[in-house]
Amino acid sequence: LAKTTQPISMDSYEGQEVNITCSHNNIATNDYITWYQQFPSQGPRFIIQGYKTKVTNEVASLFIPADRKSSTLSLPRVSLSDTAVYYCLVGDYNQGGKLIFGQGTELSVKP
Amino acid sequence: EPEVTQTPSHQVTQMGQEVILRCVPISNHLYFYWYRQILGQKVEFLVSFYNNEISEKSEIFDDQFSVERPDGSNFTLKIRSTKLEDSAMYFCASSEASGTYSAENEQFFGPGTRLTVL
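Top line first, the protein sequences correspond to chains W and H.
Under our numbering, the final residue of the first sequence carries the number 129; numbering is consecutive throughout.
Under our numbering, the final residue of the second sequence carries the number 142; numbering is consecutive throughout.
The shape of chain H in the complex, shown without the other chains:
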């Protein structure tokens, strides 16, 4: 069964450093997403991406964040200058489409990258 993969599984960085989190979505999917989950809290939407551009983003997704699909298979989240409060689990997800049929818009989540900012 196809699945979303994410690397690394755990990233430790110093405050102020740049990090890039990587995701490989399911190959025939067209919509890509990043979410984060601070330990013990709910999952929070960060950004959705379609056709090589951001389609929607939350207030969390400020100028420190950027996303890219550099090569047609990878989908990356970059945090330019990490802060302590960026420590969280970051989930990538993908969906076949964003239409009105459940088979299309079911989002498949990856296993997550745990980011620890020291």
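Here chain W stands alone, though its shape is the one from the complex:
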């Protein structure tokens, strides 16, 4: 399973766009890239998932370059409630769905 590397922490202000980049140099051909969000004392919550190019949903966008060795989670116009830890995971869903969480990026949104 590919290992991920992401910044340990990031600071932002309300209303700004936040981009968190994750590197996964050894991603396998059939691996998907998934992002989860975790608030203190809560379970992780799925944000977005993609395989290549760009994926957008109601809360975020995920940009994946052609070589798939990295991906960027983009949160538009963050608010204080987006303060959380964000995890990038690559997973081979043909292996029982096991998720390997990295250390995550602790995003702090300030007023």
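These are calculated hints, taken from the structure and not from any lab test.
Derived coverage of chain H by chain W (criterion: at least 3 residues anywhere in the stretch with Cβ under 8 Å from a Cβ of chain W; other residues may be distant): (1) 65-74; (2) 130-137.
Distance condition first, Cα-Cα at most 16 Å in a straight line; then the derived EDC-like pairs of lysine to aspartate or glutamate: (3) W:K116 / W:D49; (4) W:K128 / W:D100; (5) W:K116 / H:E120; (6) W:K116 / H:E77; (7) W:K116 / H:E80.
The model shown is predicted, which means the values in this text are computed figures rather than measured ones.
Glycine included, every Cβ here is placed at the ideal spot set by N, Cα and C.
Put chain H on the given structure of chain W with help from the hints.
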């Protein structure tokens, strides 16, 4: 919106005692998981379960741990003889499937059970 539930929210036990953590996954989901998170650390995979058997487990999931789906709705994690280092938050998760479509393999996590071993 359907959700994964876990009981109890907090369990305190003495070292060496057995504990059973309970989870009710989302009803139409087929894959079930347990994770743990030691305070201040990352989430760690323990085990995945499908079709009444373990499909994958981590090195953390040793002989002290077992999982069971006793009645078609509950999914339990048993720790036979707890150690101090078992103190952590334990999360249960479930997913519709483990295929290649994101709608299937999105894992829904419960609120967790905080286990404190004294």
